[in-house]
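2 protein chains.
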Amino acid sequence: MDTNDFQQIKDLGFSSLIEKFKNYTGEKREEIEQGIGDDASLYKEKEGNLTAASSEIFLEGIHFDVTYTPLHHLGYKLVTAAVSDVYAMNSKPVQILVSLAIPNKYSVQMIEQLYKGIDRACTDYQIQLSGGDTTASHQILAISVTVLGTSPKENIILRNGAHHEDVICVTGDLGSAIAGLRILMREKKEWQQQESEQFQPELEPYEFVVQRQLVPKARNDFADVLSKTDVKPSSLIDLTQGLIADLKEIAKSSGLGAEIYSPAVPIALETRNVADEMKEDVDKYAFYGGEDYEMLFTLREPQVEKLKADFEDFSVIGKMSNEYNELRINTGEDRTIQFDL
Amino acid sequence: MDTNDFQQIKDLGFSSLIEKFKNYTGEKREEIEQGIGDDASLYKEKEGNLTAASSEIFLEGIHFDVTYTPLHHLGYKLVTAAVSDVYAMNSKPVQILVSLAIPNKYSVQMIEQLYKGIDRACTDYQIQLSGGDTTASHQILAISVTVLGTSPKENIILRNGAHHEDVICVTGDLGSAIAGLRILMREKKEWQQQESEQFQPELEPYEFVVQRQLVPKARNDFADVLSKTDVKPSSLIDLTQGLIADLKEIAKSSGLGAEIYSPAVPIALETRNVADEMKEDVDKYAFYGGEDYEMLFTLREPQVEKLKADFEDFSVIGKMSNEYNELRINTGEDRTIQFDL
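Just so you know, the sequences run in chain order P and B.
For the first sequence, our numbering assigns the number 33 to the initial residue and increments by one for each residue that follows.
For the second sequence, our numbering assigns the number 33 to the initial residue and increments by one for each residue that follows.
No lab work stands behind these hints, which were simulated from the structure alone.
No experiment lies behind these values; they were computed from the predicted model shown.
Hints may be right or wrong, so weigh each one.
No distinction is drawn between identical chains; accordingly, a pair holds when it is met within one copy or between any pair of copies.
Once the Cα atoms are required to be at most 30 Å apart in a straight line, the calculated BS3-like pairs of lysine-lysine come out as [as the list claims (entries may be wrong)]:
hint : residue 1 : residue 2
1    : Lys42     : Lys284
2    : Lys280    : Lys54
3    : Lys311    : Lys148
4    : Lys60     : Lys220
5    : Lys260    : Lys78
6    : Lys340    : Lys316
7    : Lys280    : Lys76
8    : Lys78     : Lys284
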């Protein structure tokens, strides 16, 4: 992109904007009979399946910071956040609708970068961008994303199905997204203090955590595994708020208490290194960080080995219980931290 | 509402906010197997039907002004705007998802007013609030609304189906919503100039137009008529941007020109009175006003009388043509105004 290339959106018009980016719609899905271009999209649900729908809103300055977030990364991340909610029902995403409210400071070229990221993510998750809306905004970019997914009713996994003595499991590793954010915020601060255009942030040593913050991937691989095995988690949620907050959702809606054995919580070496460098507690990253988009689920204990046969990238981190009504963290040093549900 | 009653949302927490307002969900629809409370809602589509989906974003200061918009009216209007898109496909709305980004200046009680308006509209349109999200915002209230609707495939009416010599029709009357906005803006200005808390806006003489601006109704009655008659419009759109802009959408997507006979455009006496008082051209209100949420449609000429037998509240205002590729306004005084498509 030529940096002198700044076409104002008002010179083009909002309806031409949609027309201009009509090829950035990811994968063409045959179930979608009408995509962008009418009052609503039209979708043919598979017979007997349930349609999952979820919607979220993202604001500049609250949910993203464009000083360190390339717009194509932002586009990708918004789609990840959306589809992750559908995978967290053990459903499969089919389409998304994206609405943008765009202030004058954004050019047509910048919005194109955003759509390129959306398109790339839609292609990766094999879904179609089927609708949405573009409109003006005064100060900040505001984006809403709605995702629709599909699955047979019997596949659906809710938050409320955990049983007494089910083990608590999590895919991947936790805390890396917040570690990436800490690095980006530090570099932003240094950049602002230097007041120089020459400043080049040193991100390379932190590539793993920065990528996890900027372009996280939803766990579609876990959804694929579940569709091939006869192991079915009793409850499932995606980690967006952080382990403590999201496990509380499972515990509360299942009417149970939960205990996490903190030494078992998977944390990447790169994440530990960032916490050390920042002189911060890496467990806090893992417990409160959020935005990891890993899957948190509960399982009958005998099913753990069965799942391991098909899928290795998960850890057992604790157990549900009907003997207390709170969330406990067992630190492994004879110390238990307690949280109200 | 006691005006001293200002509970900060951060004292309650966003997840408790959703819990608090869980009864404001309109009508319980049996097709919805999972409403608010999990990662996504779950919906059972009728066999053979198509699911219509549409999403929009609304920002304080751009799409609404809370200085003269009571929050329960705003809630109602957002639902109207959403369902109108589904009626404009000749589909029937079933559920909406509402996401809110809320700044600190809004109290729990204010957000309750908003949900009361959403609930009232959902009850009127017989739909269920099935999901959404609440989050923080810095300055402005931002709201996204997604609507899902259903209909047999053969009922769907798109924008692109108009034929040469089809007549152009519109329900109700046009320009009243912008007339109401002009009054509200004048009263706001006077209120700001007076700098007095005693100022009482005089809205009573303008009740008709102010209501059309603040709490517009979607034309669900027209959708009901279409389901009972064998008249089927060849194209259909709802009037949100204004007659000229929305008719252009039909003309462009149908590959035709269009002519409006301007004396035939229905305008309420109350709307004319406001334009006279403002020394403005009432035709401009009707042509460019927007937000009327009336239905604009095209029909084979012989079907006009047939539709009139079941439904009287519409006017024939022009004709489609394949003889030119533009939009023409015939003023009835031997003068034609032309617009590029």
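Against the structure, the hints:
1. Lys42 x Lys284: between (48 Å within a copy, 21 Å between copies)
2. Lys280 x Lys54: The answer is between: 19 Å across copies meets 30 Å, while 41 Å in one copy does not.
3. Lys311 x Lys148: Neither: 37 Å inside a chain and 48 Å across chains, both beyond 30 Å.
4. Lys60 x Lys220: For Lys60 and Lys220, the Cα distance exceeds 30 Å both inside one copy (39 Å) and across copies (48 Å).
5. Lys260 x Lys78: This pair counts as both: shortest intra-copy Cα distance 19 Å, inter-copy 28 Å.
6. Lys340 x Lys316: Classified as within; 28 Å inside a copy, 68 Å across copies.
7. Lys280 x Lys76: Between copies, since 28 Å is at most 30 Å while 36 Å is not.
8. Lys78 x Lys284: Cα proximity of Lys78 and Lys284: none, with 33 Å in one copy and 33 Å across.
The structure shown violates the earlier hints numbered 3, 4 and 8.
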